[in-house]
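Engineer: Read off the chains here:
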Amino acid sequence: MTDSRARILGRIKAGVNAPNRSAADIAVLKARIENAERGIIPAFTKVAGTDVADLFLKKAEAQNNTVARVTSAEAALLEVRNFLRQNNLPAKVKISPSDRLDDLKFDDAGDLEVHRGAAVKEDVTSVTPVYCAVAETGTMVTMSGAQTPSTLNFVPENHVVIVRESDLVTAYEDSWDKVREYGGGKIPRTVNWLSGPSRSGDIAMTMYMGAHGPRRQHIIFIEGQ
Amino acid sequence: MERTARAFKENVKEALQQENLAGVLDIMSKFSPIGRNIAIGKLPEFEALRDDARDIKNHVLANLDFYLEEYEAKVIESGGHVHWCETHEEARQKILEICRSVDAKLVTKGKSMITEEMHLNAFLEDNGIIPVETDMGEYIVQLADEPPSHIIGPAIHKTKDEVTELFFKHHKTQRWTEGEDLMLEGRKILREKYFEADVGITGANFLIAESGTSVIVTNEGNGDLTQSLPKVHIVCASLEKVIPSFEDFSQFIRLLPRSATGQEISVYTTFSTGPKRATDPDGPEDYHVVLLDAGRSKLLGTQYQEVLRCIRCAACLNHCPVYTAVGGHAYGATYQGPIGAALDPVIVGLDEARHLPNASSFCGRCEAVCPVRIPIPKILRYWRAEAFESKSQPLKERAGLSLWTWFATRPKLYRLLAGAGVAVLAKAGGAKGHLKRFPFLSGWTNHRELPAPEGKTFQALYKKAQKEKGRVSP
Ligand code: SF4
Numbered sequence: 001m002t003d004s005r006a007r008i009l010g011r012i013k014a015g016v017n018a019p020n021r022s023a024a025d026i027a028v029l030k031a032r033i034e035n036a037e038r039g040i041i042p043a044f045t046k047v048a049g050t051d052v053a054d055l056f057l058k059k060a061e062a063q064n065n066t067v068a069r070v071t072s073a074e075a076a077l078l079e080v081r082n083f084l085r086q087n088n089l090p091a092k093v094k095i096s097p098s099d100r101l102d103d104l105k106f107d108d109a110g111d112l113e114v115h116r117g118a119a120v121k122e123d124v125t126s127v128t129p130v131y132c133a134v135a136e137t138g139t140m141v142t143m144s145g146a147q148t149p150s151t152l153n154f155v156p157e158n159h160v161v162i163v164r165e166s167d168l169v170t171a172y173e174d175s176w177d178k179v180r181e182y183g184g185g186k187i188p189r190t191v192n193w194l195s196g197p198s199r200s201g202d203i204a205m206t207m208y209m210g211a212h213g214p215r216r217q218h219i220i221f222i223e224g225q
Numbered sequence: 226m227e228r229t230a231r232a233f234k235e236n237v238k239e240a241l242q243q244e245n246l247a248g249v250l251d252i253m254s255k256f257s258p259i260g261r262n263i264a265i266g267k268l269p270e271f272e273a274l275r276d277d278a279r280d281i282k283n284h285v286l287a288n289l290d291f292y293l294e295e296y297e298a299k300v301i302e303s304g305g306h307v308h309w310c311e312t313h314e315e316a317r318q319k320i321l322e323i324c325r326s327v328d329a330k331l332v333t334k335g336k337s338m339i340t341e342e343m344h345l346n347a348f349l350e351d352n353g354i355i356p357v358e359t360d361m362g363e364y365i366v367q368l369a370d371e372p373p374s375h376i377i378g379p380a381i382h383k384t385k386d387e388v389t390e391l392f393f394k395h396h397k398t399q400r401w402t403e404g405e406d407l408m409l410e411g412r413k414i415l416r417e418k419y420f421e422a423d424v425g426i427t428g429a430n431f432l433i434a435e436s437g438t439s440v441i442v443t444n445e446g447n448g449d450l451t452q453s454l455p456k457v458h459i460v461c462a463s464l465e466k467v468i469p470s471f472e473d474f475s476q477f478i479r480l481l482p483r484s485a486t487g488q489e490i491s492v493y494t495t496f497s498t499g500p501k502r503a504t505d506p507d508g509p510e511d512y513h514v515v516l517l518d519a520g521r522s523k524l525l526g527t528q529y530q531e532v533l534r535c536i537r538c539a540a541c542l543n544h545c546p547v548y549t550a551v552g553g554h555a556y557g558a559t560y561q562g563p564i565g566a567a568l569d570p571v572i573v574g575l576d577e578a579r580h581l582p583n584a585s586s587f588c589g590r591c592e593a594v595c596p597v598r599i600p601i602p603k604i605l606r607y608w609r610a611e612a613f614e615s616k617s618q619p620l621k622e623r624a625g626l627s628l629w630t631w632f633a634t635r636p637k638l639y640r641l642l643a644g645a646g647v648a649v650l651a652k653a654g655g656a657k658g659h660l661k662r663f664p665f666l667s668g669w670t671n672h673r674e675l676p677a678p679e680g681k682t683f684q685a686l687y688k689k690a691q692k693e694k695g696r697v698s699p
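Note that the protein sequences, when read in sequence, are chains R and Y. The first sequence lines up with residues 1 to 225 when you count with the numbering used here. The second sequence lines up with residues 226 to 699 when you count with the numbering used here.
I should point out that these hints are in silico values taken from the structure, not numbers from a laboratory. Glycine included, every Cβ here is placed at the ideal spot set by N, Cα and C. Be aware that a few hints might be false.
[Stated by the list, open to error] Now the stretches of chain R that chain Y is said to cover, found in silico as 3 or more residues with beta-carbon under 8 angstroms: (1) 11–25; (2) 114–125; (3) 148–157; (4) 164–178; (5) 182–196; (6) 199–210.
Generate coordinates for the entire structure from the input sequences, incorporating the hints supplied.
Structural biologist: What follows is the structure, encoded as structure tokens:
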């Protein structure tokens, strides 16, 4: 194996003329990574104030997410129930063991059966927070961690995502700044961008929803939080 | 029958006789460019992003050793392993070794063209391990025991009826005829596999040096289930996938889905860095990257280097008059269409793939739509010249007549290509095939921008050819 590594790198170095690279050149390359300089960011993402939420929700809906706007955590919990009822789903959810869902007060939810943890095959509906969300394409960013198992994003057929106005950023680059803040430069095992329910166009070039991941993705957007 | 690149002409002949294939390719060639055009029409920065993406890739290729070593160091730092493999055989053996180390019986696979290159499925089966493709299109072609016919739509050549029969034959449940039911059935079957699998294998659209991260871009979510449920995650990637940072990635992701499917963003974009952390409730315990060379490093510093910029969006296939006439299987190698013609000689050797660089009308559409501006026609000309010089062409081909005669005696194909460059083939043929001596060709291929969105001439001709079916022999 080490031999293969040496031979491959040897061929590359010969091909790109690496021996002529000076220490200064290498410093420039290292800086290129560290500075993480931004490239072109589309002008349409340069919005502010309530326009950010409007852009996010418009893009999210265009990608077949369903959206409910609420103004409080209590209303968000009510909306979880609404979603289950409207879609004829069991009153049972698997939620992220995350303190970011505490204010929804799932434990006082009475007849709603609530479980916490990683997803198992039988889970029908999950409820998760996001780490942040990008208005550019209505994309939700989640990260794996003790409080946020990533399987909740993919295994259940229905995924309810709680997005707060303060979670929003405008362009992808802003989300990376936030991701880097999180672990002091170390990133978690997985960062997942979720931009809608699962779909596939592989059968007769026709788009069908729910190929493997969630068939429904419902965003509960809490304004002003 | 296993198709080979060597048998390109026979493959084409066969393809042109398949009515179903003509139908699906017709639909694809109409809708795909429209989708792309709508998406890029909404993004005024698209052309500038293409320049940027080209420049990033050029910068990476010029410093590929540096970025790969940085990337490797970060993978190791995050608890993962990197296995450098020179050949397909070495990669297969490494994957087998990892599978054996956990006594794997069942392996789920996300979409990975690299594993197609190395014929991994057959190899695993021969070694008593069951591979299950989980991308719906890949699953369909796996059941049909066929290779993918399009780099992002592997089963694009299959009609719904064919999928009905395939599923019925293999699942032995019900003969579902609605697409929705077929999708549900596929979902149900594959869902079990994710939970049973011991190892999950995925490809990588990008590798990020900054953090040692692999990235997959999908719509189905199969890649995520494949990599988060089994004990071991193996990423198969080729060397040139590395890019410096997440900011660089952000440039590419604004180009890739728009170019590929006309989407502004793929449904799932997944960034994986190492195995599960100590406090993580889920995720694989081991994370391996099989880093494949298979001829790529030899391209650096040569006239072929630019082909390594490819991000496999398939826009060049979708816009190619040859691909949309003959389909992917005719190419007889892992990659199809213009990028296949430019890349397959590296993967399977020029002798084997020598017909493919000729499978071009030199209309220039591939270059006009390529998000990283790969000058594919130029690269095909280099291959043709090399094939000529290396004498890997038989005498007839070397005389420059064969290709032209062959196309010209096939009225259906001739008609398809008529508006798109048969004149060039004629000239090239008349000129004894030594293309290096014909500078006028560069005038033909230099950045021809096309009338969007439908490529009228070709479509019109195709319709005409369809109407004339019956009178036209293939
Ligand atoms: S060559 Fe260009 S257009 Fe073709 S698949 Fe690669 S990136 Fe896409």
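Engineer: Against this structure, judge whether each hint is valid.
Structural biologist: Structure-based check of each hint:
no. : hint    : in the structure
1   : 11–25   : holds (count 9)
2   : 114–125 : holds (count 4)
3   : 148–157 : holds (count 6)
4   : 164–178 : holds (count 4)
5   : 182–196 : holds (count 11)
6   : 199–210 : holds (count 10)
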